[in-house]
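Colleague: Can you build the whole structure from these sequences, using the hints too?
This note's numbering applies: residue 1 is where the sequence shown begins, and numbers increase by one.
Treat the hints as calculated values from the structure; they're not laboratory data.
There's no promise every hint is true.
DSSO-like, lysine-lysine: derived pairs with alpha carbons at most 27 Å apart [what the hints assert, rightly or not]: (1) K12 / K140; (2) K134 / K12; (3) K140 / K33; (4) K137 / K33; (5) K141 / K33; (6) K12 / K33.
Distance ranges between label pairs, derived from CB positions [to be verified]: (7) K140 / L118: 27 to 37 Å; (8) C53 / Q88: 49 to 59 Å; (9) K33 / I127: 35 to 45 Å; (10) E82 / F126: 34 to 44 Å.
Glycine included, each C-beta is placed from N, C-alpha and C at the ideal position.
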Amino acid sequence: MPYLMRCPACAKDVSTDAKRCPHCGRNIELYLKTKRANAPREAKISKSARKACLTIFITIIVTLFFIAISTFFTIEAFSASEMHSIAQEISPEHYDGHYQSTANTFMTLSFVFWFVTLIIGGVLTFISISITKKQSKIIKKEKSLLVSEDKFR
1 MPYLMRCPAC
11 AKDVSTDAKR
21 CPHCGRNIEL
31 YLKTKRANAP
41 REAKISKSAR
51 KACLTIFITI
61 IVTLFFIAIS
71 TFFTIEAFSA
81 SEMHSIAQEI
91 SPEHYDGHYQ
101 STANTFMTLS
111 FVFWFVTLII
121 GGVLTFISIS
131 ITKKQSKIIK
141 KEKSLLVSED
151 KFR
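Modeller: The structure is reproduced here in structure tokens:
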């Protein structure tokens, strides 16, 4: 059963039964055959695009999570350091220095998480870029097929 579709060349409505577009002369019959033949390739492009988007999304979420944890530890380290200063001023003879050890612990955790954030962000960014490059190559191949098909019109 014929239906209307947009011509890939001029974007005007054309019947799927037409051999050529009445507006621009594009070979619709050949286009539909090529489109059916390329359906598995188009599905591969779609799957690759989903992978690229999902990887980028996961990269952003994981990196933001580690940034949040790193920021928390940094704030806690500065708070404990400030408490250490205050406790030393108020009662130096009774203060045992536990705020300083807490500040050191939080600062160490902060450095570790900032480092892990850099590593994980870098690795996930590298993976995202490689998947996106793969996607770009597939799209370029697809475009070259469409360009070669235009020669038959």
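Colleague: Now, for every hint given, state plainly whether the structure supports it.
Modeller: Going down the list of hints, with the structure as the test:
1. K12 / K140: holds (25 Å)
2. K134 / K12: Violated - the C-alpha atoms of K12 and K134 are around 32 Å apart, more than 27 Å.
3. K140 / K33: holds (20 Å)
4. K137 / K33: holds (23 Å)
5. K141 / K33: At roughly 18 Å apart (the allowed maximum being 27 Å), K33 and K141 satisfy the hint.
6. K12 / K33: At roughly 19 Å apart (the allowed maximum being 27 Å), K33 and K12 satisfy the hint.
7. K140 / L118: 27 to 37 Å: At 32 Å between Cβs, range holds.
8. C53 / Q88: 49 to 59 Å: holds (53 Å)
9. K33 / I127: 35 to 45 Å: holds (37 Å)
10. E82 / F126: 34 to 44 Å: holds (39 Å)
Of the numbered hints listed earlier, the single one contradicted by the structure is hint 2.
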